[in-house]
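With the hints as constraints, model all of the structure from the sequences given.
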Amino acid sequence: MHALIQGVILGVLTAGVYALMASGQTLIFGIMKVVNLAQGAMVVFGAYLSYQLFTSWGVDPFLAIPITTVAMFVLGMAVEWAFLRPLRQQDKAELSLLVTFAVALLLEGFLSVTWKTTYRSINTGYANSSMTIAGYQITLVRLWAFLLSLGALALLFLLLNRTRFGRAIRATVQNPESARLLGVEAQRVSAFGFGLGSATAAAAGSVYGLLYAFYPGTHYDLISLLLSIVILGGLGSIGGAVVGALIVSVSSAVVSATASPTWSSMTFFIILLLVLLVRPQGLFGTPARGAI
Amino acid sequence: MSTILKLDGVVAGYGAGDILKGVDLDVQAGTVTCLIGPNGAGKSTVLKTISGLLRPKNGTVTFRGERIEKLAPKPRLLKGIVHVPQDRSLFPAMSVWDNLLMGGYALKDQKAVKQRIAHAVEVFPICARRAHDHAGSLSGGEQKQVELARTLVMDPGLILLDEPSIGLDPKSRQQVFLSIRELAAAGRTVLLVEQNARSGLAASDFGAVLESGVVRLVATGASLLEDPAVARLYLGAASAGHGLAQATTGPQG
Chain U
240 MHALIQGVIL GVLTAGVYAL MASGQTLIFG IMKVVNLAQG AMVVFGAYLS YQLFTSWGVD
300 PFLAIPITTV AMFVLGMAVE WAFLRPLRQQ DKAELSLLVT FAVALLLEGF LSVTWKTTYR
360 SINTGYANSS MTIAGYQITL VRLWAFLLSL GALALLFLLL NRTRFGRAIR ATVQNPESAR
420 LLGVEAQRVS AFGFGLGSAT AAAAGSVYGL LYAFYPGTHY DLISLLLSIV ILGGLGSIGG
480 AVVGALIVSV SSAVVSATAS PTWSSMTFFI ILLLVLLVRP QGLFGTPARG AI
Chain H
180 MSTILKLDGV VAGYGAGDIL KGVDLDVQAG TVTCLIGPNG AGKSTVLKTI SGLLRPKNGT
240 VTFRGERIEK LAPKPRLLKG IVHVPQDRSL FPAMSVWDNL LMGGYALKDQ KAVKQRIAHA
300 VEVFPICARR AHDHAGSLSG GEQKQVELAR TLVMDPGLIL LDEPSIGLDP KSRQQVFLSI
360 RELAAAGRTV LLVEQNARSG LAASDFGAVL ESGVVRLVAT GASLLEDPAV ARLYLGAASA
420 GHGLAQATTG PQG
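Residue numbers (my numbering), protein chains in the order written: chain U, 240 to 531; chain H, 180 to 432.
One thing to keep in mind: the hints can contain errors.
Looking from chain H toward chain U, a few residues come up when the C-beta cut is under 8 Å (computed) [to be verified]:
#1 K253
#2 S268
#3 L280
#4 M281
#5 A285
#6 P335
#7 S391
For lysine to aspartate or glutamate, the following EDC-like pairs were computed, each having C-alpha atoms within a straight-line distance of at most 16 Å [stated by the list, open to error]:
#8 H:K253 - H:D334
#9 H:K287 - U:E424
#10 H:K253 - U:E424
#11 H:K236 - H:D187
#12 U:K272 - U:E333
#13 H:K287 - H:D334
#14 U:K272 - U:D330
#15 H:K253 - U:E416
Coverage of chain U stretches by chain H, computed from C-beta distances (three or more under 8 Å per stretch; other residues unrestricted) [claimed, not checked]:
#16 408-417
#17 421-428
If you are wondering where the hints come from, they were derived from the structure by calculation, not from laboratory data.
Glycine included, every Cβ here is placed at the ideal spot set by N, Cα and C.
Pasting the structure below:
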């Protein structure tokens, strides 16, 4: 029982980071109908930026987040402008898979050349600090990572729900033709949305780098995890991404703690398959369009 | 009465094919004009050409004396042309209030937007009663009322309505046409496309018959309702096998 509860605690804390990564992925799909296969590579790029800021100038990864998110926001807008905007609307959904995969490979190549292919990790002074509550161990870095992810998700929620431009983004997701007829400029929303999705990847990357060792090829593991989360939650739904991240992370951690780590990744793929058999659109997705 | 909108020889379509093959149409300010015709005649395409969703390959679109056929949808919206597309055009997972706010998205002056929303809510009280509900939870008739209220936020000179009665029950349909008459009584100009030709013409000052991408006939709504050829082809008096062109020139015309 102790192992089970410890697994749940670990799963919930890790879910925050996964939810942050996946929220960007699902936001981009909701706005543009683009499955961004470069999202994992952007997370890893964010981790490397934090690593560089920490090793060169001693900037704490949590404090580096404003810098990495702004940098990745700009990179995301540039990727949208250079690679996705030229695609014809009717081909965008299919061709964007190839294009974003190419962007992922480009980023992987750049990371490999710049930082080599050896594993890196960000070892802060508090990396191994932990506390014990009622017999359960909680590592501080994981707790801070969880709280920061919640804060970032809350900011994203406020941006989408309390600002004029956020309303335009949600409107575009729900009914693009109607939004356009009301004066929403689709290209501007797409560029901003892709930038925002990339910025969440950067924030998640900084936190990911604190929790796990990484190398350029880590993005292959991350993208399969992210796709599982957003498909489970329902493509285009940020709420769905959060719930999907919780299910994936908790089930994986519980199986790992109570059975064997070998089975942990298999578990959420089984859950994913079962959910898709019952609800092909995912838990919070709509058969037609998403609703963030 | 003055002409607020003029289409002159408009040719438009998607890809290589032309759907509109030279549409001429005048719309008078402060009136309701109903465009009727068979499926595929190009009725919705006319509205898209006016609002800017589709740019004509040829011909001119003049609004309040100004050529607008080359403008994007947003500048046309700012000039006062509001287009309500077919089917449900609200944002279903947003509240009714947020939908109304989106109606004024193109305007910079948010104070003016709130004032206009207050006016729209007076005209369509359902918006106040259901302000915080998701638009998708409203009935079809209620959604249509909110759509009409949303058009008022732009203080439009011309409202384009694509099949406003589609999918509605008879009572809601009646309410929609009543609301359209009220908009005209308040000085708005409405151009609507309607498959339910009898109800559409009954609610309109003028009607135009579009066939095969060309306007064949323009008259008052009342006279079109009494026209035997129109009645036979579009008002369900008998099965429609031929177009108006053949009906008026053929042996049975």
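Hints, verified against the model:
no.	hint	result
1	K253	holds, 5 Å
2	S268	holds, 4 Å
3	L280	holds, 6 Å
4	M281	holds, 5 Å
5	A285	holds, 3 Å
6	P335	violated, 12 Å
7	S391	violated, 26 Å
8	H:K253 - H:D334	holds, 15 Å
9	H:K287 - U:E424	holds, 14 Å
10	H:K253 - U:E424	holds, 8 Å
11	H:K236 - H:D187	holds, 12 Å
12	U:K272 - U:E333	holds, 9 Å
13	H:K287 - H:D334	holds, 14 Å
14	U:K272 - U:D330	holds, 11 Å
15	H:K253 - U:E416	holds, 12 Å
16	408-417	holds (count 6)
17	421-428	holds (count 4)
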